[in-house]
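Asks: Make the full structure from the sequences, and use the hints.
One-letter residues, chain by chain:
Protein chains: 2
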Amino acid sequence: MYYNSLLLPDILQMIQEKDENGLHEFCEIFHPANCAEVLQSLNANDFWYVMSCSDKQSRMNAFSFLDLAKQAEFMSADQEDLAVQVSVLEGMAPDDRVDLLSRLDNDHGRQLVSQLSETEQHTVRELLSYEEDRENNAGSIMTTEFAWLPEHLTAEEAIVRLRKQAHDRETIYYIFILEEEHRLRGLISFRELLLADPEVKLTDIMQRDVVTVRVSDDREHVASEIAKYDLLAMPVVDSQNRLVGIVTHDDIIDVLQEEATEDAHRLGAVEPLEDSYLATSILTLVYKRGVWLILLLVAAAFTVNVLQRFEDEMSKHVWLFWFLPLVIASGGNTGSQSATLVIRLLTLEDMRRQETIRLMLREFMLSILLGGGLGLLTFLIARFIWMDEPEVLTVGEAPLMLKSSVVGLTVFLVVIMGSVTGALLPLVFKKLGMDPALMSNPLISALVDFFGLLVYYAVATAMLA
Amino acid sequence: MYYNSLLLPDILQMIQEKDENGLHEFCEIFHPANCAEVLQSLNANDFWYVMSCSDKQSRMNAFSFLDLAKQAEFMSADQEDLAVQVSVLEGMAPDDRVDLLSRLDNDHGRQLVSQLSETEQHTVRELLSYEEDRENNAGSIMTTEFAWLPEHLTAEEAIVRLRKQAHDRETIYYIFILEEEHRLRGLISFRELLLADPEVKLTDIMQRDVVTVRVSDDREHVASEIAKYDLLAMPVVDSQNRLVGIVTHDDIIDVLQEEATEDAHRLGAVEPLEDSYLATSILTLVYKRGVWLILLLVAAAFTVNVLQRFEDEMSKHVWLFWFLPLVIASGGNTGSQSATLVIRLLTLEDMRRQETIRLMLREFMLSILLGGGLGLLTFLIARFIWMDEPEVLTVGEAPLMLKSSVVGLTVFLVVIMGSVTGALLPLVFKKLGMDPALMSNPLISALVDFFGLLVYYAVATAMLA
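In order, the protein sequence lines correspond to chains R and A. To convert, note that position 412 of the first sequence is 412 in this note's numbering; the numbers rise steadily by one, no gaps. To convert, note that position 284 of the second sequence is 284 in this note's numbering; the numbers rise steadily by one, no gaps.
What the hints contain is simulated information worked out from the structure, not anything from laboratory work. Be a bit skeptical, because a hint or two may be false.
Using 25 Å as the maximum straight-line C-alpha spacing, the simulated DMTMM-like pairs for lysine to aspartate or glutamate come out as follows [unchecked claim]:
1. R:Lys228 <-> A:Glu28
2. R:Lys70 <-> R:Glu80
3. A:Lys288 <-> R:Glu355
4. A:Lys228 <-> R:Asp275
5. A:Lys70 <-> R:Glu80
6. R:Lys56 <-> A:Asp230
7. A:Lys228 <-> R:Glu220
8. A:Lys70 <-> R:Glu145
9. A:Lys228 <-> R:Glu355
10. A:Lys228 <-> R:Asp230
11. A:Lys70 <-> R:Glu349
12. A:Lys228 <-> R:Glu25
13. A:Lys288 <-> R:Glu349
14. R:Lys201 <-> A:Asp168
15. A:Lys201 <-> R:Glu355
16. A:Lys164 <-> R:Glu156
Output of the computed footprint for chain R on chain A, the stretches with three or more beta carbons under 8 Å from beta carbons of chain R [what the hints assert, rightly or not]:
17. 138-149
18. 300-309
Bear in mind the structure is a predicted one, so any value in this text is a computation, not a measurement. Just so it is clear, CB atoms sit at the ideal spot from N, CA and C, and this is done for glycine as well.
Replies: Rendered as structure tokens:
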């Protein structure tokens, strides 16, 4: 369903013919997400012309479905008629508006903010202050437009009041019961309200054991709590337990997708991108990928050093070189597996000390089994490779059986080392308060390559002595 | 917040003392998610004893928050008093119940199903039939308990009817308007209903352009549509546009987490696990990891063959060996990056032909820049390593400048080759209708290792000839 290629020509024609009714109708009929998909291909002037033709509600909806980079591009374009831009800005959900404004830190942005109402300027400043504390916290994804009621109301009165709140709240399906100074007392879902006796007081039917998060909590924590408790929206409180906002299910879905992308990029040794891969400039990509590639290249340079020292042994037994890529790959592969499994586990769950110990023991047992299997397979591969070779020993030449055993045993040990390293390093990073996902697969491989060479050297010198 | 370690001793004591009131209260007071966290550590007999002490609602809630493996363990335990197990099974959401029953394919499972009401047995069979079609489709995560109304009602009549439906529907916040034979006509949100004039007919206020998915659509597609349109629930229709179920926001959050785990595991060359890493048996893990390790080892065995042929050149210039791990790592790292970026992009977006071409061109330009930088750096590293060596040439010895150039140029070419391979292969897999995530980082590395050696060989023979 590519609305873009289907409808874009029509839109362009309507713009050229200044067909205001046609453009108005277009924004009315289509789902705002589809509308946005088409309009994003326009230039800023055409875009704002279409916006000025549509009514306020459709205009706002369509704009809210553009991605952030596009929103910023359009909003930062100077327009003669500032009113349309301001009306869109006014209509946005406060959390989205702040995300946008933090990308518009120029004169035009300040000019737009100054046109907002006093209350809205206040909300902007408040949300911006939460965001500045730390990036990616609950404050940066919450909205301040939640439905709330005082506790002394009856169910019937509550419904009457909610009818009035309904049009400008992000959701009315969770109603928060607040006492003085906005302190959170309880929560009622709209469904409970509907099922309740109209005469009953809210205080008698509200849930008192409400799950909350703090403004400063990491947004990944918010996501995992919403997932755990199956919530529609998560209340966000400040240090005095005052309700300052809510994070809704649709924002959490976006967070989960963004975090999954970020984690995948980290695993592949790419600094997480802010925008989509295709929307990121080549120079930014050179930086985001280059940083890690340089680090990894420098790490790999140490293997040159190891191999230089290894030279005497190697030149006596050139066949040791044949198996070099195989030996280090088997360590790197097992290390990648362990790191991936442990990093993902740490992302989803908090682990207690005893679980961590159990994990490392399991990892060790597992690596012995995997190492045993792969070591044996390597031994057989080596036997196969030398199958046609006559067993004639020249001076200093090792017997085929011994040669195959050297590589087999090395793979066995390297797999164990790789697996344990891969599992241990993310745990250590976590313990040190760093993101375990910084341990990317290539970084694990680089470390395991280095140690793998040392193991290979040790086994070879010991067995061939 | 480890409810488990805090409360478990109390629960065990209450069970021993047969303190039925205490246990009843425990299930009442705590959030069912926390309740489940504690109860999962009990054995099946104790668990069902606690369940028999609590009322039907808390019992059902707590059970629904156990993870699937635990639910299956408890439910498959033979209990004298079948009634408690049946009551829990009856109370479950139909989609969760089917997931559970598909794990209970034994006599005890069949016995439990036979105790359900005729209607519920029918729902089970219906949902099971969708699931059997294909795993991980919309049918496997949808629930059949949605709120629906005929279109001739007024807004006021609708609210009265919804009050009656409210207690057993998964959500009443989206109301589906159906005509004959359950064909989907439109959608009204509860909020719209509340804001509407009580006398207005549903047909005049409902949204007619409703986004739907098919029963057979992949659950990842459902997730991305819900994310795109910011929906609370996605209607699922069959091939005749009859509404057969809905997928709710909380199920989608679970899907997103599971899919992110699956993709992460695939990237790390682990066959996706069904349960959590810690809950999976060692033997299953040996299989899920071993399959890929064996495949990768066999792929690596081909490098042995390449190096054997490379031997003459190598033994003349032993220093070529020193840089072997560095050369193949630089290809593998760039390949991992490109594969990760492209795979994640393909997971999130459908790509058109012209975008694919643009992507490959960008990737190629990017790889020239990255390759140039890394090649230069490698050249400098080589110069540094040979810094102390006097430039005295013995017969057949290549000058230092030439040696450094060989490794630098190889890295330049290998990075380009790695980057293009890493980006191209997932695209090819996608084109062939396979999951692009099958191209794990280690598999890309294995391929790039092999081709990297060939490049190294070609460059070395050409320049040192």
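Asks: All hints are to be evaluated individually against the structure, with a verdict given for each.
Replies: Hint by hint, here is what the structure shows:
Restraint check for Lys228 (chain R) and Glu28 (chain A): the C-alpha separation of about 18 Å stays at or below 25 Å, so the hint holds. For the suggested pair Lys70 (chain R) and Glu80 (chain R), the alpha carbons sit about 20 Å apart, so the restraint of at most 25 Å is met. Distance check on the hinted pair: Lys288 (chain A) and Glu355 (chain R) sit about 22 Å apart at the alpha-carbon level, within 25 Å; holds. In summary, the hint linking Lys228 (chain A) to Asp275 (chain R) is supported, as the alpha carbons are separated by about 16 Å, within the 25 Å threshold.
Note on Lys70 (chain A) and Glu80 (chain R): the hinted pairing is violated, with a Cα-Cα distance of about 63 Å set against a maximum of 25 Å. Pair hint Lys56 (chain R) plus Asp230 (chain A) holds up; C-alpha atoms about 20 Å apart against a cutoff of 25 Å. Our distance criterion of 25 Å between C-alpha atoms is met by Lys228 (chain A) and Glu220 (chain R), whose separation comes to about 20 Å. Proposed proximity of Lys70 (chain A) and Glu145 (chain R) is contradicted: the alpha carbons are some 39 Å apart, above 25 Å.
Distance restraint check for Lys228 (chain A) and Glu355 (chain R): the Cα-Cα separation of roughly 38 Å exceeds the 25 Å cut-off, and the hinted pair is therefore not satisfied. For a cut-off of 25 Å, the pair hint linking Lys228 (chain A) to Asp230 (chain R) stands: about 20 Å separates their Cα positions. Straight-line distance between C-alpha atoms of Lys70 (chain A) and Glu349 (chain R) comes to about 17 Å, which keeps the hinted pair within the 25 Å bound. Distance restraint check for Lys228 (chain A) and Glu25 (chain R): the Cα-Cα separation of roughly 22 Å lies within the 25 Å cut-off, and the hinted pair is therefore satisfied.
Of the supplied pair hints, the one linking Lys288 (chain A) and Glu349 (chain R) holds, its CA atoms being roughly 21 Å apart against a limit of 25 Å. Between the alpha carbons of Lys201 (chain R) and Asp168 (chain A) the distance comes to roughly 23 Å, so the proposed pair stays at or under 25 Å and holds. This hinted pair does not check out: Lys201 (chain A) and Glu355 (chain R) have alpha carbons roughly 58 Å apart, beyond 25 Å. Proposed proximity of Lys164 (chain A) and Glu156 (chain R) is supported: the alpha carbons are some 17 Å apart, at most 25 Å.
Only when three residues or more bring their CB closer than 8 Å to a CB of chain R does the claim for the region 138-149 of chain A stand; here the count is 0, and the claim is violated. For the region 300-309 of chain A, the stated coverage by chain R is satisfied: 7 residues place a CB nearer than 8 Å to a CB of that chain, which reaches the threshold of 3.
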